[in-house]
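Following the hints, complete the assembly by docking chains B and C onto the known chain A.
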Amino acid sequence: MLTIPPPDVLVQGILSGILMGFVYALIAAGLSLIFGLMEIVNFAHGEFLMLAMYTTFWAYALFGLDPLVSVPLSAGVLFLVGWLTYRGIIRRILGGPMLAQIFATFGLAIFLRAGAQFLWTPDFRQVTRAWVQGPVRMLGVSVGLPQAVASVACLVAFGALYWFITRTETGVALEATAQDRQAAELMGINTERMFALGWGIGAACVGIAGAFLANFFYVFPHVGSLFALIAYVTVALGGFGSIPGSLVAGVIIGVIEVLGGLLIAPAFKYVAVFVLYLVVVLLRPQGLFGKF
Amino acid sequence: MRRRAWCRGLLASVVAVGAVLGLVSRPAAQTKEVVIGVLYPMTGPVAQVGIDSVNALKVALDIINTDMNINLPLGRGVGLPNLGGAKVRIVVVDHQGKPDIGLAEAERLITQEKVHALFGAYFSSVTNTASQVAERMGIPFLNAESSSPALTERGFKWFFRTSPHDGHFSVAMFDFMRDFEKKRGIKFKTVAILNEDTQFGADSAKVQDELAKKYGYEVVARIPFRTGTTSLDAEIGRLKTANADVVLPSLYTSDAILLTRTARNLDYNPKVIIAQNAGYTDPKFVAEMGKEAEGAITRAPFALDLAAKKPLIPVINDMFKKLSGGRDISDVPARAFTGFLTLADAINRARSTDPGAIQKALRETNIPADQLIMPWTAVKFDEKGQNAGVRAILQQLQGGSYHTVYPFELASKEPMYPLPAWSQRR
Amino acid sequence: MGTGEPVTAVKAQEGTRASVRRVWGMGLLAVMLLATLAFPWVDRLPYHRDLVIRVFLYAMLAQAWNILAGYCGQISLAYASSVLQMRWGWNPWVGLGAGIPVAVALSMAIGYPCFRLRGHYFAIATIAIGEIVQTLAINWDFIGGARGLTLPFQKDSLLAFQFHTSKYPYYYIVLALLILCLLVSWRIERTRLGYYFRAIREDPEAAQSVGIPITRYKLIAMAVSAAFVSAGGSFYAQYVLYLDPDSVLPLSLSILICLLAVVGGVGTLWGPLVGAALLIPLSEFTRIQFGGTGRAVDLLIYGALLTLVAVFQPAGLVGLLGRRGRP
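Residue numbers (my numbering), protein chains in the order written: chain A, 1 to 292; chain B, 1 to 426; chain C, 1 to 327.
Honestly, the hints are just simulated from the structure, not real lab data. Ideal placement from N, C-alpha and C gives every residue a C-beta, glycine not left out. Hints are not guaranteed to be accurate.
Here are the simulated DSSO-like cross-link-like pairs (lysine-lysine), alpha carbons at most 27 Å apart as the crow flies [as the list claims (entries may be wrong)]: (1) B:Lys157 with C:Lys167; (2) B:Lys114 with C:Lys167; (3) B:Lys58 with B:Lys322; (4) B:Lys87 with B:Lys360; (5) B:Lys189 with B:Lys384; (6) B:Lys384 with B:Lys157.
To give an idea of the chain B side of the interface with chain A (calculated C-beta under 8 Å), a few residues [to be verified]: (7) Ile223; (8) Gly228; (9) Arg261.
Covered stretches of chain C, going by a simulated chain B footprint (3 or more residues, C-beta under 8 Å) [said to hold, decoys possible]: (10) 48-55; (11) 104-110.
Chain A with its partners taken away, still in its complex shape (with noise of 0.2 Å):
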């Protein structure tokens, strides 16, 4: 049942492969840094990408910027929502049982999904003349630009994301909340603050995610969902709560899914993915580089 393409098809597909994992790694980053933080999974955190989308594309469809140019905007957008969404749900389920956490989130992103309905109607919408479009050459085939720069742009923003908490006495206070929340207090951290922060930048990568994501991907209320699932697996495979895990995971799973499209079949592909997921989990619970 093994099709095998040409080389060049294989190469190209490869690549597109790695470019896509990336943007599902900084997806995935933010879910992964919240885990980590306070162990709620955000089940929002799709509809957080398309506010992210639809705040890049409003930037552009009312102002007339580019994508590129309303990264930071968007991030910022991103990052009060996820503040907020700390304090205004989150901080009073902290205690409660986890399938209300899961709930409360859950509720959230219908009322987003909806909410956005109610607001810009369910028409598909893209960022038409963006300044980064159409093909490149890498390796001697053709992949989107866009992709190719969205990429790059979320590797740098893992790396910044990294230097920050390991490096800067913020991230180190956000790091040892994430240990021992008791402990933290006892040092004269503000934990209450760490955890809405710790909110705020999850929900800001994802934030830069989406605005490179409406460089070339159709905005409308559901997008979401379509990349929530993925990230959730990501943030599995990987490790809840492991940063680098997600980096790792992203990047295998964009690899798989064009993989065992095109060997196997494309009605399979997230299937191969799914079933990576479950054999890694079954020889590894804790996921690749997860501690818990």
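For chains B and C alone, coordinates are given in the frame of chain A:
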């Protein structure tokens, strides 16, 4: 512990039944009007289709209920003349694309809203369940846009479809390929079928697969994929590997956008693309991707550029644009419009709202071509309830908008062949 | 006051109060039962009957999920999928009977390896399995593939499991299924099995250390749960007469089912029923009132409500009712 559990349980049940009994039933419809229950997806990924279709119905209602003096069924005079000028009213419900909600809603519309007929429901799956209820209760159900051929093969007596189904559409594609080969003295040998995997895509791919064999083309790749995918890189890779003469995609809007962009980025250059409508005729797709998708051919039951031959089209389109905030009327709403006028016309000829009389009038329907905005020869139902006068046309994107290219006698432009490679564009 | 006497008096008083309450409780329950039995004859609107049928069906599915998740603490977000599609073809009753063991076997085969996973890893594994099953179902022509299966329209009869003219039999069949499911949960709750289930939910390590064979009991919970979901799926198929993977297998259906249990109260006997009885009519009401506008107002309300319940009443709405009984 146990006592409390009991009490809690009881309270819970009281709440349960109270909540159910508490649902107030709303007053039934008045007698001096004709009420039609309309089922569409108004939320979810294809909500825009539902919204557009309801706008098209509002245009139809305007034409029926006010004196417009245009050459359409019921285009002159107020209301339904044979029912003493009774006005037509619609009750729109959202079925969210779920067959069980469609079933429940059909029942509610018939028994509570006292509708005289049902209309809808876009998704073949919902049309399937909702029309079962109508069949059982003996209420006419008119479907204007579901394209699953199976719907009119169920032996139902109360089900009527004005639209062509996938069988008609796909035949037109293969007829075009055959006729075009003769016209240009070329030969297509292989086809690749790319389809999204809901009922629409699966049905279409199946019909195309069978037709390809019948017409003597080799299917070198049949590529179903999960709708709403995040990338089509693997699918394009497959198409490149197959390298077929003709590509036949059946996609919704989102996937059509993604396919066009991915083909450009990955430098995939098919010679001919013939799409199964849906995404390719979404006005949004045409407006924003029209240039990039240059040369794509799609089947369509409707075309704005037939205006020269059908002067009604611009009139209806202007009315539609007022309601839709500037969007042009497209294929699905145009079909909804036509289906709805067919139903209203039948009720008028029935001279009553008795279901049996409406059913009989629908059977006797015969709307001539000059009273249609569709390129059909007539609206006329066969014994299965399928409109026998349907005709599909093919349109091609040329210079950013669609032009009819087939049947050749209706064509406004020559087909562009082969499609230019990406490297040679702009 | 003295010591011994008042205590016994209080105890005795409490005892009487208890039995009085129990009598009241039994009475109320009987009234409730009669009310549900009589309902289709009192309110003859078919739409209401249909609504109550769906409330009962979803209440049963939610209760089935509750046995697994609520009592045993495993969140299997997606596993309705493994079962609802087991039932294509055959005589409906044979299918219903055969569907149950197949569903049980399948759920155990899936469950056994996955029970090693904890918390979110397990939840995401079940989502992954659900997606895999859905993809297979879509691409498997034998079970209708993406085009679904239209069940043949037959004359009303008990043998054919079709009653389209009156729907009364549908109502009583689903009511019987629900009551059976509640009875089973009630039995489980008050036997050693229920005790083990709760222990596993509260603290799996501790449960294991006192010698409870965790995996075996989790498997039992999954089997019981799968059996009821399978029966519910069979009922759905006979009721709607049309099945396709997009309407019975999606993640959203599984989530809806958990949602009912969570809003009502996880791990409680009445929670899923309360959840279904409130949310199903609510979503119908908002959909009918606002759905036609195309602006998703219904989902807006639904989402907001869900978040509010999770934030302010995390134990579920049953907790709200129970609070009155507390001293």
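Hint by hint, which ones does the structure fall short of? 5 and 11
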